[in-house]
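2 protein chains.
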Amino acid sequence: MPKDICLAVDAMGGDFGPEINIPGSLAAARETGVRLILVGDEPSIRKELDRHAHADVRFEIVHTTQVAGMAEKPSDVLRRKKDSSMQVAFRLVREGRAHGVVTAGNSGAALACGMFILGRISGVDRPALASIMPTLKKPIVLIDVGANADCKPYNLVQFGLMAEVLARCVLDIPSPKVGILSIGEEEGKGNSLTKDAFTLLKGSSLNFVGNVEGRDVFTGETDVIVCDGFVGNVALKLSEGLGSALASMLKTELKKSIWSRLGTLIALPAFKRFAKKIDYAEYGGAPILGLNGIAIVCHGKSNARAITTALQQAAIFVEKKANDYLVEGLHANTELSLFSRTGKASALKQEASGL
Amino acid sequence: MPKDICLAVDAMGGDFGPEINIPGSLAAARETGVRLILVGDEPSIRKELDRHAHADVRFEIVHTTQVAGMAEKPSDVLRRKKDSSMQVAFRLVREGRAHGVVTAGNSGAALACGMFILGRISGVDRPALASIMPTLKKPIVLIDVGANADCKPYNLVQFGLMAEVLARCVLDIPSPKVGILSIGEEEGKGNSLTKDAFTLLKGSSLNFVGNVEGRDVFTGETDVIVCDGFVGNVALKLSEGLGSALASMLKTELKKSIWSRLGTLIALPAFKRFAKKIDYAEYGGAPILGLNGIAIVCHGKSNARAITTALQQAAIFVEKKANDYLVEGLHANTELSLFSRTGKASALKQEASGL
Chain A
1 MPKDICLAVD
11 AMGGDFGPEI
21 NIPGSLAAAR
31 ETGVRLILVG
41 DEPSIRKELD
51 RHAHADVRFE
61 IVHTTQVAGM
71 AEKPSDVLRR
81 KKDSSMQVAF
91 RLVREGRAHG
101 VVTAGNSGAA
111 LACGMFILGR
121 ISGVDRPALA
131 SIMPTLKKPI
141 VLIDVGANAD
151 CKPYNLVQFG
161 LMAEVLARCV
171 LDIPSPKVGI
181 LSIGEEEGKG
191 NSLTKDAFTL
201 LKGSSLNFVG
211 NVEGRDVFTG
221 ETDVIVCDGF
231 VGNVALKLSE
241 GLGSALASML
251 KTELKKSIWS
261 RLGTLIALPA
271 FKRFAKKIDY
281 AEYGGAPILG
291 LNGIAIVCHG
301 KSNARAITTA
311 LQQAAIFVEK
321 KANDYLVEGL
331 HANTELSLFS
341 RTGKASALKQ
351 EASGL
Chain B
1 MPKDICLAVD
11 AMGGDFGPEI
21 NIPGSLAAAR
31 ETGVRLILVG
41 DEPSIRKELD
51 RHAHADVRFE
61 IVHTTQVAGM
71 AEKPSDVLRR
81 KKDSSMQVAF
91 RLVREGRAHG
101 VVTAGNSGAA
111 LACGMFILGR
121 ISGVDRPALA
131 SIMPTLKKPI
141 VLIDVGANAD
151 CKPYNLVQFG
161 LMAEVLARCV
171 LDIPSPKVGI
181 LSIGEEEGKG
191 NSLTKDAFTL
201 LKGSSLNFVG
211 NVEGRDVFTG
221 ETDVIVCDGF
231 VGNVALKLSE
241 GLGSALASML
251 KTELKKSIWS
261 RLGTLIALPA
271 FKRFAKKIDY
281 AEYGGAPILG
291 LNGIAIVCHG
301 KSNARAITTA
311 LQQAAIFVEK
321 KANDYLVEGL
331 HANTELSLFS
341 RTGKASALKQ
351 EASGL
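Protein chains in written order, with the UniProt record's numbering: chain A, 1 to 355; chain B, 1 to 355.
Don't read these hints as lab results, they were simulated from the structure.
Bear in mind that the values here come from a model prediction, so they are computed numbers and not experimental data.
Be aware that a few hints might be false.
Each pair may be met inside one copy or between any two copies, as identical chains are not told apart.
Stated by the list, open to error - Straight line, CA to CA, 25 Å or less: simulated DSS-like cross-link-like pairs of lysine-lysine:
no.	residue 1	residue 2
1	276	255
2	195	272
3	177	237
4	256	138
5	255	277
6	137	255
7	137	177
8	251	73
9	73	255
10	251	82
11	195	320
Just chain A, same shape as in the assembly (with noise of 0.2 Å):
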């Protein structure tokens, strides 16, 4: 990793702030190479840097007055919060200060500091969260996670560009599969949205493997899966809920006999293995794609281990390039040019999209 990466940190994001983006923030850079900008309230940080080793990281602190709350309208946000650590963080990156920034602030709001604080690239109308996704081959792509919630046909195939690239550059897949979620795997199969956007992938330079159903998700075989942010930001929370009550359950059942739990304790490095393998903290943030600049949002909830995670995959991003040939993948579906020319007005509405 080259050492010239700086990465700028919104130290107040999350439900936690400092106390979870600092320690995570030190390991990336520790382990990376990579300069940091601490981006928040200074006093706030520096008791933080206080209580962790950090004399072999090179960083610098941005002082800011404001925070993005993670239940505020992100048009307030942009409006009202302009010395918000998250606003600061976005613009060291428009600024050239930074190559990427990292948050677990509101996403709502990461978006909206994205699309209108680094832009869009051009070509892309509608910029989308993607979601690196343990399965039970290796982690795939789904993408949109939640960026929007009412899609067209064409936002559907910008989308699957932009992923390929990601599941290339990041994930080295040399030539990833390229899917619909949808609800039967024959062509005629899904809702009106999907079957357009059927045809359309059919005919991008995508390799394009058609429709995917949920119950095929996580088998692997599909390296990148789109849908519209509605339905993924659905299938996103169900199968992080779905994963916790299942994980409850089985507790309660391994708990309630004392055979039971001795079973489980000689058994407990198994069950550590496969609590990491399914740990989201290991997958890293949800980057935003189409952005002119590297974007990661971490979830609010996330530890320390989920920084340090998006932090290097936030350095892979500026190392191989991504954006470049995200640019490149796009420019090469001439389709999409077109459709792009018009689909302007409908790109602004985005930030009032429901997240």
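Let chain A serve as the given structure and place chain B on it in line with the hints.
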């Protein structure tokens, strides 16, 4: 359970046909005292009957010569398979010879048979597939899980009204809480469909609790969760896929060392209780709500236990006169009869909706 309930079974339906349907039906008849009409190829049915005790069960066989293929187009099944076990079983309900029908066959074809043989309850634009799902607290109803890929806001309201009756009459929940599956809890969050449905549901007679996020489905706090058939089908199949992926990952880890194998062996009863708790076979099939008659569709891969549960469920539907309450519930919400007047054309198109 009164002894005069008669249920028609599509003996040829599903991936395994009579091999599963016959023992499953016999067990249900024995447990509930219902009378069976086994519909299908008589020699195949007799062969299965020979393999299972059935002297204590009241049944008759209705011989048919055709089978609806699992991948066959619903319209083809309707037009070309007049003597299929599925169509004949639905006709027995229409003719009043059976009170309800259970099939593990092609769910799209079952919906089409329901729509065109039984017909819709007055006031229902689109019948919907309801799924009874296990959660941390208790089973809940998710509706629609696949009948209508593209929906209008008032369809979601009708789904809520119908599923509320299911939750009240069949799951014995006194005043079921009804929510919309969405991507944020606040009223303004969601896509254009769910936002409009939110407004309509607020004005209905239901105990409406607002939006439910994907991660809160499995807490069991909300008794009925409405969504369009695309989102519901993705959610259902994703849950199924994630459940088996997690089980498979955990098994792999538990098998890796002699110690974890030993631990698992000791804790085996706990694992078995857990498996039973989340086994779909314990939760029956998916009732098609909104038809002039009781129809329950089972998973194509159903085992005998799932068929038994579905038949028990059908018997409860009949016994508790769930359909009468459903008609009442729909008519108590006058704004819906308004919509249904203009909804005829759309309902007729449902058959081609993607299942």
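A quick look at each hint next to the structure:
In the homo-oligomer, the alpha carbons of residue 276 and residue 255 lie at most 25 Å apart both inside one protomer (21 Å) and across protomers (16 Å), since each shortest distance falls under that limit. In this homomeric assembly, residue 195 and residue 272 never come within 25 Å of each other (Cα to Cα): the closest approach is 42 Å inside a single copy and 41 Å across copies. Proximity of residue 177 to residue 237 under the C-alpha cut-off of 25 Å is found in both arrangements, the shortest distances being 24 Å within a copy and 21 Å between copies. Taking the closest pair of Cα atoms, residue 256 and residue 138 come within 25 Å of each other only across two copies (19 Å); inside a single copy the shortest separation is 34 Å, beyond that limit.
With identical chains, the CA atoms of residue 255 and residue 277 are at most 25 Å apart both within one copy (23 Å) and between copies (15 Å). In this homomeric assembly, residue 137 and residue 255 come within 25 Å of each other (Cα to Cα) only across copies, at 17 Å, whereas the closest approach inside a single copy is 31 Å. Within a single copy, residue 137 and residue 177 get their C-alpha atoms as close as 14 Å, which meets the 25 Å cut-off; across copies the closest is 39 Å, which misses it. For the identical chains of this complex, residue 251 and residue 73 are neighbours neither inside a copy (38 Å) nor across copies (44 Å), given an alpha-carbon limit of 25 Å.
Taking the closest pair of Cα atoms, residue 73 and residue 255 never come within 25 Å of each other, the shortest separation being 43 Å inside a single copy and 49 Å across copies. For a Cα distance limit of 25 Å, the shortest separation of residue 251 from residue 82 qualifies neither inside one copy, at 46 Å, nor across copies, at 51 Å. Taking the closest pair of Cα atoms, residue 195 and residue 320 never come within 25 Å of each other, the shortest separation being 34 Å inside a single copy and 41 Å across copies.
Hints 2, 8, 9, 10, 11 from the earlier list are contradicted by this structure; the remaining hints agree with it.
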